[in-house]
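Engineer: Letter by letter, the chains look like this.
Number of protein chains: 2
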Amino acid sequence: MNGLDSAIQNAGAAAYVAYGSSADADVRYLTRFRTNDPVVYVKRPGERGILIIPQMEHERAVRESSAAVITRADAGYLEHIKAGEPRWRATAHMIADLAAGPVLVPATFPLALARELESFHPVILDAAGTVGEMRAVKTPEEIEQMRSVQRATEAAMEHGVALIRGSVPKGGILHRDGQPLTAEAVRTEMHIFLLTRGCRGIDTIVSCGPDTALPHNLGAGPLLESEPIVIDVFPQDELSGYHADMTRTVVKGEPSTEVREMYEAVQDAKALGTSMVRAGAVGADIYQAVVEFFRERGYESNTRGFIHSLGHGVGLEVHEEPSLGPRGGALAAGNVVTIEPGLYYPGIGGVRLEDMGAVTETGFDRFTQYTEELII
Amino acid sequence: MNGLDSAIQNAGAAAYVAYGSSADADVRYLTRFRTNDPVVYVKRPGERGILIIPQMEHERAVRESSAAVITRADAGYLEHIKAGEPRWRATAHMIADLAAGPVLVPATFPLALARELESFHPVILDAAGTVGEMRAVKTPEEIEQMRSVQRATEAAMEHGVALIRGSVPKGGILHRDGQPLTAEAVRTEMHIFLLTRGCRGIDTIVSCGPDTALPHNLGAGPLLESEPIVIDVFPQDELSGYHADMTRTVVKGEPSTEVREMYEAVQDAKALGTSMVRAGAVGADIYQAVVEFFRERGYESNTRGFIHSLGHGVGLEVHEEPSLGPRGGALAAGNVVTIEPGLYYPGIGGVRLEDMGAVTETGFDRFTQYTEELII
Numbered sequence: 146m147n148g149l150d151s152a153i154q155n156a157g158a159a160a161y162v163a164y165g166s167s168a169d170a171d172v173r174y175l176t177r178f179r180t181n182d183p184v185v186y187v188k189r190p191g192e193r194g195i196l197i198i199p200q201m202e203h204e205r206a207v208r209e210s211s212a213a214v215i216t217r218a219d220a221g222y223l224e225h226i227k228a229g230e231p232r233w234r235a236t237a238h239m240i241a242d243l244a245a246g247p248v249l250v251p252a253t254f255p256l257a258l259a260r261e262l263e264s265f266h267p268v269i270l271d272a273a274g275t276v277g278e279m280r281a282v283k284t285p286e287e288i289e290q291m292r293s294v295q296r297a298t299e300a301a302m303e304h305g306v307a308l309i310r311g312s313v314p315k316g317g318i319l320h321r322d323g324q325p326l327t328a329e330a331v332r333t334e335m336h337i338f339l340l341t342r343g344c345r346g347i348d349t350i351v352s353c354g355p356d357t358a359l360p361h362n363l364g365a366g367p368l369l370e371s372e373p374i375v376i377d378v379f380p381q382d383e384l385s386g387y388h389a390d391m392t393r394t395v396v397k398g399e400p401s402t403e404v405r406e407m408y409e410a411v412q413d414a415k416a417l418g419t420s421m422v423r424a425g426a427v428g429a430d431i432y433q434a435v436v437e438f439f440r441e442r443g444y445e446s447n448t449r450g451f452i453h454s455l456g457h458g459v460g461l462e463v464h465e466e467p468s469l470g471p472r473g474g475a476l477a478a479g480n481v482v483t484i485e486p487g488l489y490y491p492g493i494g495g496v497r498l499e500d501m502g503a504v505t506e507t508g509f510d511r512f513t514q515y516t517e518e519l520i521i
Numbered sequence: 146m147n148g149l150d151s152a153i154q155n156a157g158a159a160a161y162v163a164y165g166s167s168a169d170a171d172v173r174y175l176t177r178f179r180t181n182d183p184v185v186y187v188k189r190p191g192e193r194g195i196l197i198i199p200q201m202e203h204e205r206a207v208r209e210s211s212a213a214v215i216t217r218a219d220a221g222y223l224e225h226i227k228a229g230e231p232r233w234r235a236t237a238h239m240i241a242d243l244a245a246g247p248v249l250v251p252a253t254f255p256l257a258l259a260r261e262l263e264s265f266h267p268v269i270l271d272a273a274g275t276v277g278e279m280r281a282v283k284t285p286e287e288i289e290q291m292r293s294v295q296r297a298t299e300a301a302m303e304h305g306v307a308l309i310r311g312s313v314p315k316g317g318i319l320h321r322d323g324q325p326l327t328a329e330a331v332r333t334e335m336h337i338f339l340l341t342r343g344c345r346g347i348d349t350i351v352s353c354g355p356d357t358a359l360p361h362n363l364g365a366g367p368l369l370e371s372e373p374i375v376i377d378v379f380p381q382d383e384l385s386g387y388h389a390d391m392t393r394t395v396v397k398g399e400p401s402t403e404v405r406e407m408y409e410a411v412q413d414a415k416a417l418g419t420s421m422v423r424a425g426a427v428g429a430d431i432y433q434a435v436v437e438f439f440r441e442r443g444y445e446s447n448t449r450g451f452i453h454s455l456g457h458g459v460g461l462e463v464h465e466e467p468s469l470g471p472r473g474g475a476l477a478a479g480n481v482v483t484i485e486p487g488l489y490y491p492g493i494g495g496v497r498l499e500d501m502g503a504v505t506e507t508g509f510d511r512f513t514q515y516t517e518e519l520i521i
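Read top to bottom, the protein sequences are chains A and B. Heads up, the first sequence is in the numbering used here, so the first residue is 146 and it goes up one at a time. Heads up, the second sequence is in the numbering used here, so the first residue is 146 and it goes up one at a time.
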């Protein structure tokens, strides 16, 4: 946790403070504690961070958290409440006593808590996003955890693709057991499969035909013959909290010439992007190279064509640092990123392919092993 | 949305501003838009709120959101970025132009955004938690949605209880098909069942024996004969975002006398709490009545015994306003709350029962219909 200690000292602060539930990836990273309710984390340089929790969570927190654990009661919170202080005030009072000096806080720190804290000590914004930067460089252990989520994700992808592959087209609509095969059914069966692997699928995209021209369209209704079907799945491992993220585009039947050509361009763009990844390479440069490549193939990168970034970091959040977009900075060894070019044309459809892997000193250690097959 | 308009005007503000992904229940409530990435919401009195999103989300947002939708590009964000402003600054600049005056913001508003906004307009904290208060009073439509989540939840509970009921004790451990029946297996099968009903189960508690003495222990490993098994399940409907929340405690075999007596006390406490619910009743009074009732039966409410609050509001969050705890205020018609007394004694075990329903002018419209049966 040396990165955080340096940030505290460079800011002239006495401690770093975070506040949130484990839905806040920074809090989860710093505490390794799962909770639906907000907790407080206080870290002084050279010391182990402290997790402050309600009495009821004490035994579980001691067992599960990587931080030192004390109860709110022991930290003085309940006394402040009994003395009539409102909740944010009492929380700030407790933090101020623990920090005993200026506090460094993340960009998303709650304003109400910051204003109360300011009456005790200066509150300094961590503009550099130190914890996000720390999270972006994965340890070998984190990389193994993410590789394992990726394996479960690929098995779930195969489960979904197999449903489509085994379907029977009738009147332009894919059928299973005589009934239309829907986006919802494929999504639900993939999510069920993921649960049996200890992972949670959320908002998996299974979109088809016109819907594929909108990259974030979840997809709904019967799947269609000879139309692109985009499956984008980014599950979270329930215990570790780490995500994987992958996308494939398939067609049951005969894709149009346009879709076939878009698929080839996207495949080549992914190969190009992947070949440029290594420690020190700049995300924006890789993105621009792909924009340029698409331009040469006759595809725009505006409100149609290639309309999103080339990739993003993955970890405790699906989207985190670093970025492979127009403003992406230098990559570092240990980053885990996606490479996901896509092309989107209303009236024609959309195609996206997405792999995930680790940045190394010399290249891209691709976790994704799943096949690329347009026609299934 | 009159509550918000009054709050804006009472604060002397020109607009209310929220920032976050739809994991932020306030943002989801105000926009009815699902997104993993943060969006901006700006509401001026007498006008429809505005949701500002990336271009890529425009079509979906127009289709799904209850707010007026404009893109970040149309709101000037991209110009500010091109002019070299950092992300928080550019976001604040865009908001300042839309608000055109002092802004009212929620307690959890990101400090970094508030500090940038302050250089344009005064930033006023909404100390009353106006949106939380609005969310706490459900419309008839929201109540119907939650009733439906409750029905799916009860069916999942029955699915889990049936696994335990049908198990075969062998050497003190419950077995299914010759293998130990584990907490993890019951949880996963309940989550799979919930997915088929369009609901997402997260961290469902299936704890047994000593683990039940910790109310938030998730539970792990083989389930035991003649020991209390606590099942606490609080799924979220994937489309509407609303939760249900219920708990039952069961024993396969012969519970100890202590557990049997605790179960009876918890049942009676639930009946007492439920009987006191109505619009105008004070959450803290109901909680205290249950504390007193337990005391008469010989149970503490300290670090052992009844160690959590009696209940809480449920909605887009599992825990929201109002509270039926030591500091709970007056209930209002349309609140949807849980009543969940529990008793926890290390060395003996834990028992909890939890129902959910709506507060009415005259009482408690209980959604929960599921049976209470200790021995199965």
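It is worth saying that the hints were derived from the structure and are not from the lab. Beta carbons are placed, not taken as given, at the ideal position from N, Cα and C, and that holds for glycine. Heads up, some of the hints might be wrong.
To spell it out: a stretch of chain B is covered by chain A in this simulated footprint if at least three of its residues, at any positions, have a beta carbon under 8 Å from a beta carbon of chain A; those stretches are [stated by the list, open to error]:
1) 258-268
2) 281-291
3) 297-307
Computed footprint of chain A on chain B, listed as stretches where at least three residues anywhere in the stretch have a Cβ under 8 Å from a Cβ of chain A [to be verified]:
4) 311-322
5) 345-352
6) 445-454
Engineer: Are the hints correct? Go through all of them and say.
Structural biologist: Hints, one by one, checked against the model:
{"no.": "1", "hint": "258-268", "in the structure": "holds (count 4)"}
{"no.": "2", "hint": "281-291", "in the structure": "violated (count 0)"}
{"no.": "3", "hint": "297-307", "in the structure": "violated (count 0)"}
{"no.": "4", "hint": "311-322", "in the structure": "violated (count 0)"}
{"no.": "5", "hint": "345-352", "in the structure": "holds (count 3)"}
{"no.": "6", "hint": "445-454", "in the structure": "holds (count 3)"}
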